Each structure stands twice: as structure tokens, then as C-alpha cells.
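Enquirer: Chains as they are written, first to last, in our numbering: chain Z, 1015 to 1359; chain H, 1015 to 1359; chain V, 1015 to 1359; chain B, 1015 to 1359.
Incorrect hints may appear among the rest.
If several chains are the same, the list does not tell them apart, and a pair holds so long as it fits within one copy or across any two.
Under the rule of at most 30 Å between Cα atoms (straight-line distance), these lysine-lysine pairs were calculated in the DSBU-like manner [claimed, not checked]: (1) 1030 x 1246; (2) 1323 x 1091; (3) 1246 x 1116; (4) 1091 x 1116; (5) 1091 x 1108; (6) 1087 x 1351; (7) 1224 x 1091; (8) 1024 x 1298; (9) 1087 x 1108; (10) 1351 x 1116; (11) 1024 x 1087; (12) 1224 x 1351; (13) 1087 x 1030; (14) 1298 x 1246; (15) 1108 x 1298; (16) 1224 x 1323; (17) 1224 x 1246; (18) 1030 x 1108; (19) 1298 x 1030; (20) 1351 x 1024; (21) 1323 x 1108; (22) 1298 x 1091; (23) 1224 x 1116; (24) 1246 x 1087; (25) 1246 x 1323; (26) 1224 x 1108; (27) 1087 x 1323; (28) 1246 x 1024.
Rather than coming from a laboratory, the hints here were simulated on the basis of the structure.
Owing to the predicted nature of the structure, the values given are computational and were not obtained by experimental measurement.
Protein chains: 4
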Amino acid sequence: MIACVIHGAKDLRFEKRPNPQPGEGEVLVRFGAGGVCGSDLHYYHDGSAGDFTIREPLTLGHEVAGEIVEVGKNVTKLSLGQRVAVNPTRPCFKCDYCLAGKSHLCVNVLFYGSAARFPHVQGAFSELFVAAEQQCFPIPDSLSYRAAACAEPLAVTLHTVTRAGEVLGRRVLVTGSGPIGVLAVAAARLAGAGEIVVTDVFDQPLRIAKQMGATHVVNVASSPSEIEVFTKNGGWFDVAIEASGNVRAVGNCIDATKRGGRFVQVGYLPPGNSSITVNRIITKELDMAGSFRFREEFGWAVDALARGKVDVEPMLSEAFSFPEVTTAFELASNRQKAMKVSLVA
Amino acid sequence: MIACVIHGAKDLRFEKRPNPQPGEGEVLVRFGAGGVCGSDLHYYHDGSAGDFTIREPLTLGHEVAGEIVEVGKNVTKLSLGQRVAVNPTRPCFKCDYCLAGKSHLCVNVLFYGSAARFPHVQGAFSELFVAAEQQCFPIPDSLSYRAAACAEPLAVTLHTVTRAGEVLGRRVLVTGSGPIGVLAVAAARLAGAGEIVVTDVFDQPLRIAKQMGATHVVNVASSPSEIEVFTKNGGWFDVAIEASGNVRAVGNCIDATKRGGRFVQVGYLPPGNSSITVNRIITKELDMAGSFRFREEFGWAVDALARGKVDVEPMLSEAFSFPEVTTAFELASNRQKAMKVSLVA
Amino acid sequence: MIACVIHGAKDLRFEKRPNPQPGEGEVLVRFGAGGVCGSDLHYYHDGSAGDFTIREPLTLGHEVAGEIVEVGKNVTKLSLGQRVAVNPTRPCFKCDYCLAGKSHLCVNVLFYGSAARFPHVQGAFSELFVAAEQQCFPIPDSLSYRAAACAEPLAVTLHTVTRAGEVLGRRVLVTGSGPIGVLAVAAARLAGAGEIVVTDVFDQPLRIAKQMGATHVVNVASSPSEIEVFTKNGGWFDVAIEASGNVRAVGNCIDATKRGGRFVQVGYLPPGNSSITVNRIITKELDMAGSFRFREEFGWAVDALARGKVDVEPMLSEAFSFPEVTTAFELASNRQKAMKVSLVA
Amino acid sequence: MIACVIHGAKDLRFEKRPNPQPGEGEVLVRFGAGGVCGSDLHYYHDGSAGDFTIREPLTLGHEVAGEIVEVGKNVTKLSLGQRVAVNPTRPCFKCDYCLAGKSHLCVNVLFYGSAARFPHVQGAFSELFVAAEQQCFPIPDSLSYRAAACAEPLAVTLHTVTRAGEVLGRRVLVTGSGPIGVLAVAAARLAGAGEIVVTDVFDQPLRIAKQMGATHVVNVASSPSEIEVFTKNGGWFDVAIEASGNVRAVGNCIDATKRGGRFVQVGYLPPGNSSITVNRIITKELDMAGSFRFREEFGWAVDALARGKVDVEPMLSEAFSFPEVTTAFELASNRQKAMKVSLVA
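Just need the whole structure built from these sequences, with the hints factored in.
Expert: Rendered as C-alpha cells:
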């Protein structure tokens, strides 16, 4: 079979791999579609993502959907031909975190296409890949593989919204209008947020944010003063979601959130120190919450996509076949031209 | 009457002021004792505390207790001769924050001895000072004025503990063994924390931390490796309380708190940017909560002191009279020699 | 002017009253439309609602919208001709509950058309009525008065959803498909609930529940066994909302909610004792939460109606003019024929 | 070996049983002391406890401590001669509740001395009994077996306090001064409650409640009017803990808790319906929370007993040897003469 394998920075290859076999409780999935994620791009550009550096060839990809083509022993709820969205996480269900109901913080988790462990856990940008039964969520025929593959980043942002506490009726700021930012908009909207304001430095992604449910957008590059109206009298927003990974946006979140408010950091930030106004977190008595991956939110995401409650069409950019993977990654790196680039079978 | 008035950095004077008069709903209090706080010291050393700079002579002092010597109109629950601990905050009870039950974040609050507003709100290091009725909490004869004056910083740390979420039975780290740190220990202990570990760079304050309820103390200057045992496998503590105001201690809190844990920042940090490992707040999915002042916790603090549930004797250093105020402030600035220095009538 | 005044059980009169005058900070509103509520019906049928009995003639009505026709002194944000939905509650903003951010539990609240206090607070089923400025929420021309008058019961159910804790992605049971039940469906849907199952003993209201967002409905009279599938293995639902006021439905909520789950009681229950399986609340470790009125949710309700996020058209039954008020009340009492009956100008 | 076996109502026998063998990951414990619990008494008096009826001879007992006398394979943290308090619960760690961090609600849990499952899980009132390694908590020599056996009911009440939400500084009502009631006092005190008022119908248990930390006690039989002062103006207590199992006390909790407050039901209530004022739970917007068993609180309980933070001496009544078990159970049934009766080796 064919797989998209990263060998080092800028060295992404389209190459043959042996067909994998499903074990007990597992199925074999034929790739339908997959989204290119920010961490895929970090591996591609830098040979590492955050603290994790590639030490052996690594098949990328963890936002995927496909069709079940082989069923292992003791699989009880899935059958051949079933179309599924695939949750890329496989927690151990035995560590203290798993047993505390926090399997998304599992210390032994296996995650598709990640160099966090060695040997690396291979990813799912390959014609065939193995998944445990509980990783597979059936999808209706009405949902395309491309849209279904968005269940993973949508699950990330639904988790972010649960980390944000109460959003129903509340005013929400989202800084950063990339794929996570616009899906944070969709998640906040699904959760009943009242006002949803999005900031970015480019107009094109902000246009998509509006289509995904933003009530107002601000280009902080061309209209920097617009954010200032939100920082008066202690701040305007009940909740802020930082999804840009830009440390200046962290400052905007701190300033624009009401005293006693909550802001959630879901955007990737570089390892090591970041300079932020911690003093104001104290004097405004904010809660700053990290948001990492997801848990049962994957099922919610599939359900919301299947029922049409969240429509990801506005964020889908071009789709490419495996041989065009490098072109796909280059386009995905251009925030002004692309939002969510897909690979398709 | 006599008052301790700061005119600028290092310019703290012992001077005469006209006697104040209580208005409607107010009483006149004769100073019994007062504690020197970190913000008093910032005004003394720098002429400013955080973002607030002295623009006119300012009587310092906000940790005080005394005796009621005059009662204004429409005061219904207090009488002459009553010994009281005095809450230095006077919220407006009309702004959005007050009406949301968050009067400690009131945008119009009057706070003794603070340059946050102009004209400044004068403090209580003076022979006589005025307080609203609801600022005064009766104390029993068994409680000294010096101890009663600790109700204010104890209220700060009780509020910190409420911000820390669940501490009953939990493992708590307190970084920084100054007055706020050791009172955070007392507060965590009062709230039923299981293990309470305190770090500092000096042995003397750590000794007091033990007397106040720490189960273990670590001198991170002389035994830096000791903190490392707490950072394995994702972290040891359920809750961390940062009370040192040292940005390196923030890093210790992030590293030593379990994934999904909570740490509260109560220590003063300088205005402007501080460099912290925000990336780890995300990947460990921590909650970082600011803690600012207090609300009903002042009453709890008085109650705990009155019932003997919290004993502040171990933290009380020398006491001085008003004419010795500069000596008192200099001693209070020496962490190896003093913990809580008091002024007494 | 004309008002709909209850004098005792079954004695609802259409009669003349003097025109009211707006005071400082108040406006005069000309009635546009109003919904007949369950408590209006209790006054009509029994001469009392719960513990409150009519002791003097009482103009009914508290679900209302209209147009501002006169503006008192010191009104700053409203002007003549403004169409508004009117919040029927006027808390004191001074009692302990108000200052704790719980103004919906205010001990001195004034509520339109209620016999809770004496003299009674007159209601708003009258050609003209007075409202404080902060009670009035502007509505767009696109929103009819009939729909805008639903802001009040929608606020009730939005509050219920906040009392239900986390509903995003969760499975929600609503027992009782009356006006509060179907608006609880709308509120749960707005808050992102996954599955929403509604029970009732009649098919017609269940049909409306489906139109309002229920994913499944169960007629427990004609298909009693259908609820049983939800009570296996400790229960199916994360959250239950009891909106029928029927004590048997309370039992269904207890049985069909998962261990550790939460159910909220918003349905009216008669004063005095009700027999429920308290023992199972313990052994299943449920949270049973009362839900009473609303607070900021009124603004959220207006916003959701104005933006078209909640559509109340399916629940609107016939509309009547003031002279037909008795006919309106009789129809509103027939659950098989009517859902929300309105009075219109 | 000898065991205390119930064969039916009033048929409690002192009889021989074969020695049990520890399996992998298990140890054999020699009985040191055990407390007689309310559910033991229900089996003794009625042949059933709540919904669970004895269908085969059942060794009673689940509040126990003892010494490890044999160690199975793969036991890594315990050794021969270790004195331990033993947690009577053994969750499956595989069901949905366990994986959600709620192992105390495990659908497959094994609990010493319970007829909930068939074959019944045998109890620990026997000279020897088997425990999994994770059930055993080392205790210091300074802690007697009798006191250590109280870890189990103390864990129950610590869990109740976590279910009560915030108690630090708050006013707490405990209705019922039996073993669970007085340990609820100890737990509330450990968690920093301000005022703790206890009610009962007998003076003797109320005397013990005072020794355990109650700030005020009320005999509702001899001074019924005393509770009324707590029901004015919407209620006095922030939190109520119902530990009497008496339905009238439930009413007291509802009436004496502030609007918006929380009350926790930990007291046993008979299966089937109980008549309570549900209507007031709505209009006062209370949270009524069930409290069932415990989880990590067992470790907290052992820690609190070991450190001397909770002293159970005042509640310990007479101790009996196994041959006197019927006498022990009869005495334990007399609330005026005994609080916690123990069996000792």
C-alpha cells in the first residue's frame, strides 16, 4: 500500500509500505479522506512538533475517515463496508489519569502520526490503517469523508468549549481564525454562545469565520483600534479562546476578558517560555485554562456533523491525492489561500 | 492625630493629621495594631505598587484592628468600646461585578492606603480612622489586635484556597514562604488539605511554614533537586499555590502540578510581561487561576482566628510604635529576619 | 384603559383601570401581545397559584411585549416607539441574594401579576403598563410581539439548562411536553445537547416537541414500555428535566438518569408533600436541582429569538383580544388543543 | 477460622469457616477490629438492607482494620506484619462509571458483607479475610485498630462533604447525630466549615457531636422551636447534610437551607416513596444531592486519622469479641446507649 511518510524537515515522501493487519478488537480501514493539521505541518517544516522530533520515518495523519474493509476477532459493533470517522487516540484505560475519567491526559496514549513515543505511532495518511473498534464512529452516507475527517479538530474545539465553562448566552472572543479558530466558533455556536467575535490578521480566514457562525470579526492588522473597545471597564467578553498561537493574541485575550472571566488556550505555542502579562491574570482574577485534545467530544463531533448541526463546508479548501501530498502541505501552509486542505483516496 | 504617611520612595513620615469624622453608617476606630504588607513595602521602596504610583501623600496601612471610639448615625450593630478587625475594602455594591456577587472585583472599590484611585484612599496606619459599619468585625478579648490584624492577609489566602477548587484531602504545593505563603499553608490546612509542601530559598521562613501546618518544606536554593521528585510522571500535586512572586517558582508550579491540575497565582508579579512556559499549561491541560483580594472570606478569617482554628503567633515578628515606622519597614523588608512586622498603638 | 383582572376562581373580568404613569427610570409600555402561563391558569381555576392566594383584584399577565409610548425621567437607553420584550421581574438589588449574584432569588422581588406580596403586584395584561428601564429589551421588527412574549418562558428554560450543568453533546430527557417542556427542548438544543427525548401522555404536544428540536418522543400513556429501555444499566440520560409537574414523571427522571447524573425540576408541583423515591437519589447519587425563574437568561432569550436561533412559531396556538380573555384561558387549559395561547392588542 | 454469619433476621451466628487464600495481587488480613454499621444492623433486624435481601449465609462486616499475615503473588507495596485499614470496595475499573472516574458508582463493584450480588460478597467480621492490595492502607502504630476501622464511615462522610460543594467558612446543618452524623461533623470541620449545627432527638449522641466539632446542637424533640430560628428569611445554612434517614429531617433541611443552597442526603432512607416538600426545592432553587459510598476519600480518611486531624475516640462505644456478636449488635441498635460499637480480635 501507499503511505505519506515524513523522513525529516521538508522530506515528505509518497512511498510503499506493507499492508497492516487488524488484531483482536481491531479493524482495517481503507482511507477515505484526511485533513492536514497544524502538527502535520510542523513535522513537515521543522522535523518536529513542539517537544517531539522525528527519529524514524513517520506516516503522518490523524484527521481521517474511511471504510472498514477487514474486521478482526471480537469486534462486535462494526461490520464490513461501514463508513466511519476515526478517533486517532487510543488511551491505555489503566493509568491514574484514565481511571480518573481523564483519558485525554493518559500517560500511555497512542496517537496516530506522532513522534511523542518511540517507536513512533504511525499515522493514517495511508491507503489502509488499523484502528481499534472503539476508535471507529459510524457516519451516515450523507456525510462526506472530507467533512467526517473534520470530526477530530471539531472534537478538539468542543473540548475547548467544555474547558471554557459556561458559554450559553455568553460573549465569546476567539483569537486566531485558522482551522482550530473557526471550529472553535462552530463549537461555541453549537453550545449556544451569544456573541462570537473573531480576530485575525487576514481577511480571508475571517470571512470563513463569519460563515461558520462568528457574529463579528476584527482584522487586528488593518484595524488594530477595533479591539480596544473590548478592553474598557475591565473587559467585554465572558470567555476568550486563544487559537492563534501568537503570544500577542494571548495579551488581547487577557485584556478583553471581563474580570473574573475565563480564557482557554488551545492554540499551539512554541515550547519554552512565552512572555505574557501574568500580573493582569492576578489583578483581573482570570482563569487561564489549557485545552488539550479531547475525550467523549469525538462522538459529539461526529453526531453534530451527522445531524447537520455543524457545517464544515465553508472551511474546506482544495483536496489532493496522495501523490500530490507535498503540494497539499505547501498550500496548507499558506493561511491566506487555504483553510483546511484534504487528502483524498 | 498621628499618621504614617508616604511621600515618595523611601520617604515615610510620622506626621500630624486632622482627626477624621465618621459619617452616616460609619464608625471611628482607634488603631490597635496593624501589619506591614508587601504592597506597603512596594510603596516605601519604589513609590509605587504594581501599576499604582503615589501622586499625593498617602497614609499607608490596610491590615488593621482596633477599638470603636465614636459611632455615626444609623449604625445598628456596633457600639462604643467594641474591639474589631477591620476589612479594608469598601465596594460600591452597584457595579456589574458587585451585582454578580463578585464585589472583590468592584470597579469602584475604595481600599485603605492605596494609590489606585486619585485622590488616593488614605490608609489606617493612623491613631484614628473611619470605617463603614460593614467593614468592622467584632473580635473576642482572647484575640490580640496583632493577631486580629492578620485577618486581612488570611482572608487573601482563604480566597486563594477557594480559587484553588477542591483541596480537601488533596496534595498542595505552596511556593514562597512569606506572609502570604505561610497563611496559604494555614488556609489550606483549615480547608483539610492532605499533604502541604512549601518551597522557599531561606530556611527561617520555612521553619515558620512548618509551624503553620506544612507537612514538608524544601529549600530550593540549598536542595534544588528535591523539587524534581515532584515533577515525574506528569506531576505530584493536585493544587499549586504560587505565593513567591518569583517567575521561576511559576515554572515549578507548572511542572509539579499533575496533568489536569490547578494552580493559583496569588503572589505579586511585576507589571508587564513575565516569561512562563505557557506551552506546558496547554499540554498538561492546567488551570492557572489568578487570586485577587477576598470577599466574605474576611468574616471567615476573623471566625477562624477567634475560634483558635488558625494560630498566627508563629508568624508574628517584632512590633513597633508609630515613631519607629521606618525601622519597622526596613525590618519587614528582610525576609531572613522577619515574617510579619506589626505597628502597635 | 382596559385590563384583564382576576377577582377569584373562575372570575376573570375585562374591566377599566386608570392609566398608569411611569416614574423615574421607568417607561410606559403599550401592550403588544402576551402569553397565558400556567400560573395565570392556576389563578383562574383555583384563585391561587401554589402558596399564593388572591386577596384583592389582580391584573394577570407576565409574558409580554409591546411598544414604549411614554418615557420617564432618567431613562437613558430607551426611546419612544421602541418595540420591547419586557422582563416581568424587578429585584431589589440590595438583599443578600441580589448581592450574591442571585437576584432571581431576591426576597423583595416585584413580579407582574403575582399574589405573592400584598398589595399584589399588578400584571401586564392591560392596554398600558409601567416597566423599569432595565426590564425592557429592544426587539427587531422581524420579531412579532407574540414571539417576543415567549422570551419570558424561554428565559425560564434557559435558566433550567444552566441549572442542568453540562448539556453540550449530552443525552437529555424532558418529561412533560407543555409550553415549558417544549421550550426546555429548544433551550437544550440551543445549548448543544446531543439526544433530546421528550415524554408526555398526549400525541399533539409531542408533535410540537419534535418541531422544537426533540430527537425522539415517547407517549408514556400509549407506549409505557418505551421508557423502560432508558432505565437499564443504571439509566441512559446524562440530564433529565422534569417539566410536567406530575410526580410519576419525577420517578421516570430518577430511573432514566445515569448514576451520578443530574435532574432539574422546573415543573410546578403542588405545595406540600410529594411522594418520590428519595432512596434512589442516594443510591444512584443523583443531583436533583430546583429551577426557579431566571436572571440574565432573559437577555439571552431575547437575543436567541431575535437572531432566529430559537423559533417559537410551532408552539403558538390561537390569539385572542382582551374581550375574549375567558375563552383564551379556557382554550389554554386544554392541553390537547392548545400549547401557548396569546392575548393580542 | 471463626466468622460472624447472618442466616436471616435475628439469626446471627458465630461459626467456623474454611480459611481463605489470597490470590494474585491479594493479601490475607487477620482481623484487628471492626465497626458495626447501620447496614449490618438492617441485615440483623430485617434480613435485608434496603433493596438487598439475604439469600444465603452472609459473613457481615465492612468497617475493618487488621494485620497482613500472608502476601499473594505480584503484591508490590505491602509486606507481612503491616497494620492496615481495609477499604471494603473493589470496583471493576472497566465499566463506564469506573472509566469516567466514578468507581464508587461501579456497576460491578464487590463490597464486603453485602447481599447486593448473588452469590453474596462475604464480609470481614471473620478472623481472616482476603483483600486486594489496593484495598489496604498502612496505618501507624499510634492508631488503634478500632479507630482505623472508622476510616470507612469517615470516608463516607468525607465523600458527603465533597458532594456538599463549598463548605470552607460556610454554615452547615447536620440532621441526625448517629455515627454518620457525627462523622459528617468531623468531616465538615476538617474541611473548614464555619458553623456546624447538629440536630437529633436524643441528648447523648448530641453530646458526642459536640465533642466531634459541632458548634451548636439542637434536640428537636425537647426543643422543637429552636430549629425555627434557622428557617426565617429563606433559611440560615449554606449547606445541609441529612444523616438521620428520617423524612421529617429532610423537611428541616429544606426549610433551614438558604435559597440557592445545597443539601446532601447521606442518611439511609427506606426503599420506595418518601413524602417530601419537592415544591420548596423548586421555589427555593435548592440542590438536593445524593451521597453514596466513597472513592479516594478512603485514603484521605486514613491520612486524617493517622495525623490526628480527626479524633474518633469520643464516638467509640463498647468493644466485644466475636462470641459476643449478638450482644454487640443489640447494643449498637440502641441509639441512647451506644454510638459506634466494635468487634475486636
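Enquirer: Hints first: check each against the structure and report whether it holds.
Expert: Hints versus structure:
1. In this homomeric assembly, residue 1030 and residue 1246 never come within 30 Å of each other (Cα to Cα): the closest approach is 58 Å inside a single copy and 39 Å across copies.
2. Proximity of residue 1323 to residue 1091 under the C-alpha cut-off of 30 Å is restricted to the intra-copy arrangement: shortest distance 25 Å within a copy versus 36 Å between copies.
3. Taking the shortest Cα distances, residue 1246 and residue 1116 sit within 30 Å of each other only across copies (18 Å), while inside one copy they are farther apart (37 Å).
4. Taking the shortest Cα distances, residue 1091 and residue 1116 sit within 30 Å of each other both inside one copy (24 Å) and across copies (25 Å).
5. Taking the shortest alpha-carbon separations for residue 1091 and residue 1108, both the intra-copy value of 23 Å and the inter-copy value of 18 Å come in at or below 30 Å.
6. Taking CA atoms no more than 30 Å apart as the test, residue 1087 paired with residue 1351 passes in neither setting, with 45 Å inside one copy and 55 Å between copies.
7. For a Cα distance limit of 30 Å, the shortest separation of residue 1224 from residue 1091 across copies, 29 Å, qualifies, whereas the shortest one inside one copy, 39 Å, does not.
8. In this assembly of identical chains, residue 1024 and residue 1298 lie within 30 Å of each other by CA distance solely across copies; the values are 29 Å between and 44 Å within a copy.
9. Both within a single protomer and between protomers do residue 1087 and residue 1108 lie at most 30 Å apart by alpha-carbon distance, with minima of 22 Å and 20 Å respectively.
10. In the homo-oligomer, the alpha carbons of residue 1351 and residue 1116 never lie at most 30 Å apart, since the shortest distance is 37 Å inside one protomer and 45 Å across protomers.
11. In the homo-oligomer, the alpha carbons of residue 1024 and residue 1087 never lie at most 30 Å apart, since the shortest distance is 40 Å inside one protomer and 52 Å across protomers.
12. With identical chains, the CA atoms of residue 1224 and residue 1351 are at most 30 Å apart within one copy only, with a shortest distance of 17 Å there and 42 Å across copies.
13. Taking identical chains as interchangeable, the C-alpha atoms of residue 1087 and residue 1030 lie at most 30 Å apart only when both belong to the same chain, with a minimum of 27 Å there against 47 Å between chains.
14. In this assembly of identical chains, the alpha carbons of residue 1298 and residue 1246 lie at most 30 Å apart only when taken from the same copy (13 Å versus 32 Å across copies).
15. Taking the closest pair of Cα atoms, residue 1108 and residue 1298 come within 30 Å of each other only across two copies (18 Å); inside a single copy the shortest separation is 39 Å, beyond that limit.
16. In the homo-oligomer, the alpha carbons of residue 1224 and residue 1323 lie at most 30 Å apart both inside one protomer (16 Å) and across protomers (16 Å), since each shortest distance falls under that limit.
17. When the C-alpha separation of residue 1224 and residue 1246 is checked against a cutoff of 30 Å, the pair qualifies only within one copy, where the shortest distance is 25 Å, while the shortest distance between copies is 44 Å.
18. In this assembly of identical chains, residue 1030 and residue 1108 lie within 30 Å of each other by CA distance neither inside one copy nor across copies; the values are 35 Å within and 39 Å between.
19. Neither within a single protomer nor between protomers do residue 1298 and residue 1030 lie at most 30 Å apart by alpha-carbon distance, with minima of 55 Å and 36 Å respectively.
20. For the homomeric pair residue 1351 and residue 1024, the shortest alpha-carbon distance inside one copy (20 Å) is at most 30 Å, but the shortest distance between copies (59 Å) is not.
21. In the homo-oligomer, the alpha carbons of residue 1323 and residue 1108 never lie at most 30 Å apart, since the shortest distance is 34 Å inside one protomer and 32 Å across protomers.
22. For the homomeric pair residue 1298 and residue 1091, the shortest alpha-carbon distance between copies (28 Å) is at most 30 Å, but the shortest distance inside one copy (50 Å) is not.
23. Taking the shortest alpha-carbon separations for residue 1224 and residue 1116, neither the intra-copy value of 33 Å nor the inter-copy value of 34 Å comes in at or below 30 Å.
24. For the homomeric pair residue 1246 and residue 1087, the shortest alpha-carbon distance between copies (28 Å) is at most 30 Å, but the shortest distance inside one copy (61 Å) is not.
25. Taking the shortest alpha-carbon separations for residue 1246 and residue 1323, only the inter-copy value of 29 Å comes in at or below 30 Å, while the best intra-copy value is 35 Å.
26. Taking CA atoms no more than 30 Å apart as the test, residue 1224 paired with residue 1108 passes in neither setting, with 42 Å inside one copy and 36 Å between copies.
27. For the identical chains of this complex, residue 1087 and residue 1323 are neighbours neither inside a copy (35 Å) nor across copies (46 Å), given an alpha-carbon limit of 30 Å.
28. With identical chains, the CA atoms of residue 1246 and residue 1024 are never at most 30 Å apart, being 45 Å at best within one copy and 34 Å at best between copies.
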